[in-house]
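Below, each chain spelled out in residue letters.
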Amino acid sequence: MRLSGRDLTAIRGLKTVFSGVSFALEAGDLLAVTGPNGSGKSTLLRLVAGLLRPAAGSVTIDPADGRDGVAHLVHYLGHLDALKPALTVRQNIEFWIRFWGGGDVAAALERVGLAALENLPVAVLSAGQKRRAAMARLVLVDRPIWLLDEPLTALDAAGATMLGEVLSEHLEAGGSAIAATHRDLPVAARATLAMGATA
Amino acid sequence: MTAFLAMIAHTARLSFGSGGGALVALVFFLAVVTAVPFAVGPDLNLLSRIGPAVLWIGALLASLLVLDRLFGDDRDDGSLDLLKLSDLPLELVVLAKGIGAWLATGLPVALASPFFGLLLGLEPKALAATTATLIVGTPALTLIGAIGAALMAALGRGGLLIAVLVLPFTIPVLIFGVSAAASVSLPPAPFMAPFLILVALTLASSVIAPVAAAAVLRFGLD
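Top line first, the protein sequences correspond to chains A and B. Residues in the first sequence are numbered consecutively from 1, following our numbering. Residues in the second sequence are numbered consecutively from 1, following our numbering.
Incorrect hints may appear among the rest.
Far from chain A, by Cβ distances over 12 Å, these chain B residues were calculated [to be verified]: (1) Val24; (2) Leu30; (3) Pro42; (4) Ser48; (5) Ile57; (6) Leu118; (7) Leu119.
Computed from the model, here is a short list of chain A residues facing chain B with C-beta under 10 Å [unchecked claim]: (8) Arg46; (9) Ala49; (10) Gly50; (11) Ala71; (12) Leu73; (13) His79; (14) Leu83; (15) Pro85; (16) Ala86; (17) Trp96; (18) Ile97; (19) Trp100.
Quick caveat, the hints were computed from the structure, so don't treat them as lab data. Only a predicted model underlies this, so the values are computations on that prediction, with no experimental measurement involved. All C-beta atoms in this analysis are idealised placements derived from N, C-alpha and C, irrespective of residue type, glycine included.
Could you put together the complete structure from these sequences and hints?
Next comes the structure, spelled out in structure tokens:
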């Protein structure tokens, strides 16, 4: 599967965040998106996910699967962890299993190193543990495209290693990923997209 | 279908859990209903005449006040993005969240109304009619409120603003709900005609509200 973006332009409010950004991603590729704060890394990921609409340009998947957009093909790991503080880690993950269909809670929590904490409410977890719980969703349901926005934030060294393992398994299995980051990714990126500084 | 049911159960569970508003709605309903006799005085005839209207206004306010975070919480914690990245259309996500919110607030309020109606000296027939109209009418209140809740999420606001925005649009539901509920105490007035219009309002809002709220969530949050 080939994911490409052509001449993407994003406008937030009245300000052009970036314009004319293009990229292409084959199966097994990891694209690192770098750039200073405010250069539009997060905006680009949200554009690719279809959460924002580009002011110009398009995101396409080849071969097209006859469905509109890429929403059903992407995992989006944003700044926010999308966890309900009142529910336990297991309850949070179980909801997404039922919502997306399929997946194994125990295996996913084991993979991200949270098996021992599954019955704690998310409210008492540390920032890094919440990040791990959010990452459990990546391995829960198989989706070919991962969009990772600053995936290393709040993770410790072991967490970064774990992310590297999960990510390389995904790439070896023919998936692809785009990661916006300031730090070195634990997996070598096939290509780097440097976003410009804001004008 | 599994996703739809999961969304309903998730919303209802969060409403009943800590930070949810399900019990607050019920207690607020009780507070409104019990405050009226103190204001009106111990005139049982008067109370039983205005009783259905008081129960309906209490149910209306209770349903709307707890809806302000229906989508706001999901937007703030990032869940809304993931809900959009699924096979379930956003319209059905909205409908499922509306049903979940109704199960946690509207239904308990409707089921409690015969007991709270006793405080207002309602006749058994009027109690039954009021409960029936509330069970049928509160889904419309919650669904119309869901449009307001989507606007709240888009504006990044919460609190009483939702009641101010949404209340005018719930007036038809209130009119037909109260006229059906009060008709049993006023013999020549028909029950079925306003009751069926109330059913129609609920059915219409279950189609219109999900489309409207989903449009707000899609384009209002860019």
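Against the structure, the hints:
1. For B:Val24, the non-interface assignment is confirmed: its Cβ lies about 14 Å from the closest Cβ of chain A, beyond the 12 Å cut-off.
2. Look at B:Leu30: its CB is around 24 Å from the nearest CB on chain A, clear of 12 Å, so calling it non-interface holds up.
3. With a closest Cβ-Cβ approach of about 42 Å to chain A, B:Pro42 is found to remain outside the 12 Å limit, as its non-interface label requires.
4. Distance check on B:Ser48: its Cβ is at least 41 Å (rounded) from any Cβ of chain A, clearing the 12 Å threshold; non-interface status holds.
5. Separation of B:Ile57 from chain A is adequate, the least Cβ-Cβ distance of about 30 Å exceeding the 12 Å criterion.
6. At roughly 34 Å, the least C-beta separation between B:Leu118 and chain A is larger than 12 Å, which holds for a residue marked as non-interface.
7. Chain A leaves B:Leu119 outside its interface by the beta-carbon criterion, the shortest separation being 32 Å against a cut-off of 12 Å.
8. Restraint check, A:Arg46 versus chain B: the minimum CB separation of about 8 Å is within 10 Å; hint holds.
9. With a least beta-carbon distance of about 6 Å to chain B, the hint placing A:Ala49 at the interface is held under the 10 Å criterion.
10. The beta carbon of A:Gly50 is positioned within 10 Å of a beta carbon in chain B (closest approach about 8 Å), and the interface hint is therefore held.
11. Hint on A:Ala71 holds. Least Cβ distance to chain B is approximately 5 Å, under the 10 Å limit.
12. With 10 Å as the threshold, the beta carbon of A:Leu73 comes within range of chain B, its nearest partner Cβ sitting at about 9 Å, so the hint holds.
13. Because the smallest distance between the Cβ of A:His79 and any Cβ of chain B comes to about 7 Å, under 10 Å, the interface hint for this residue holds.
14. With its C-beta approaching chain B no nearer than about 7 Å, A:Leu83 sits inside the 10 Å limit, and its interface hint holds.
15. Of the supplied interface hints, the one on A:Pro85 holds, with its beta-carbon coming within about 8 Å of a beta-carbon of chain B, less than 10 Å.
16. Against a cut-off of 10 Å between C-beta atoms, the interface hint on A:Ala86 holds, since the closest Cβ of chain B lies about 4 Å away.
17. Look at A:Trp96: its Cβ gets to within about 7 Å of chain B, closer than 10 Å, so that hint holds up.
18. Among the interface hints, the one on A:Ile97 holds; its C-beta lies about 8 Å from the nearest C-beta in chain B, closer than the 10 Å criterion.
19. Interface hint at A:Trp100: satisfied, since its Cβ lies 6 Å from the closest Cβ of chain B, which is below the 10 Å cut-off.
In summary, this structure violates none of the numbered hints.
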